[in-house]
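Undergrad: In the order they appear, the protein sequences are chains A and B.
The opening position of the first sequence corresponds to residue 1 in our numbering, with each subsequent residue numbered one higher.
The opening position of the second sequence corresponds to residue 1001 in our numbering, with each subsequent residue numbered one higher.
Hints were generated in silico from the structure; no laboratory data involved.
Heads up, some of the hints might be wrong.
Claimed, not checked - Residues from chain B that face chain A, not an exhaustive set, calculated with beta carbons under 8 angstroms:
#1 P1004
#2 L1013
#3 S1014
#4 L1020
#5 G1021
#6 C1043
#7 G1044
#8 G1047
#9 T1053
#10 Y1057
#11 V1059
#12 L1081
#13 A1084
#14 D1085
#15 S1096
#16 I1102
No experiment lies behind these values; they were computed from the predicted model shown.
Glycine residues also receive a C-beta, built at the ideal position from the N, C-alpha and C atoms.
Protein chains: 2
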Amino acid sequence: MTLPHPDTDQINLSTVLAALGDETRLAIVGCLARCEDMGGLVCGQLGSLTSKTNLTYHVAKLREAGVINVRPEGTRRRVTLRRADLDSRFPGFFDSVIANAIDMPLVEMTLHELTLHEVTLPGVPARA
Amino acid sequence: MTLPHPDTDQINLSTVLAALGDETRLAIVGCLARCEDMGGLVCGQLGSLTSKTNLTYHVAKLREAGVINVRPEGTRRRVTLRRADLDSRFPGFFDSVIANAIDMPLVEMTLHELTLHEVTLPGVPARA
């Protein structure tokens, strides 16, 4: 099933800000930014951030605001940032959020958990 | 009465994002950015944005998040952006929000109303 995503020109700044205005959702964005080179993450890999129900809610909130893309991949859902779309809509804005969110303690913790438990996952930077 | 403001190092990114994630509050920030040269605005000058009760709520939300300073000035309250504080805390972030919010239709409308009704107010850019 393909999930609905707003078109680039429908993405609204105050909706994006509200979607980013939550510690867990900001950490999701930080994790995705750190994993962009490997094509994002699947939802399950963000499981240490919060409960499964909460994660579903937060991921939907970010998708509906136009911050992330969620694509079915077999039985999983792959999540990536809509960095180019946001950058064309609000130049400079998303990069500055990412730069300030990328090393949040919650991001470090989540990526550390991933390297501990998902040894088949290449490219996730290990905690220094 | 002096109102409480968070110290610079207590300003939290997700709280700031949540405070900015509202059309009216984003417009308040846009108006203040346009009026920085004249030392901000007093609350009453933002009256065309929303009702007085709503304005009080939105201004408090921005103050508590660390986005604006609210100082008593006689019987009025002067509102200014905490641009330097936010910039030292989250480099590049606030400038990029302002750049994208400064010409919102709601900002243009509010400043246009100001120039119509407050002829003693110098420095408010007139609508093009």
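Undergrad: Tell me the hint numbers this structure goes against, listed in increasing order.
TA: 1, 6, 7, 8, 9, 10, 11, 12, 13, 14 and 16
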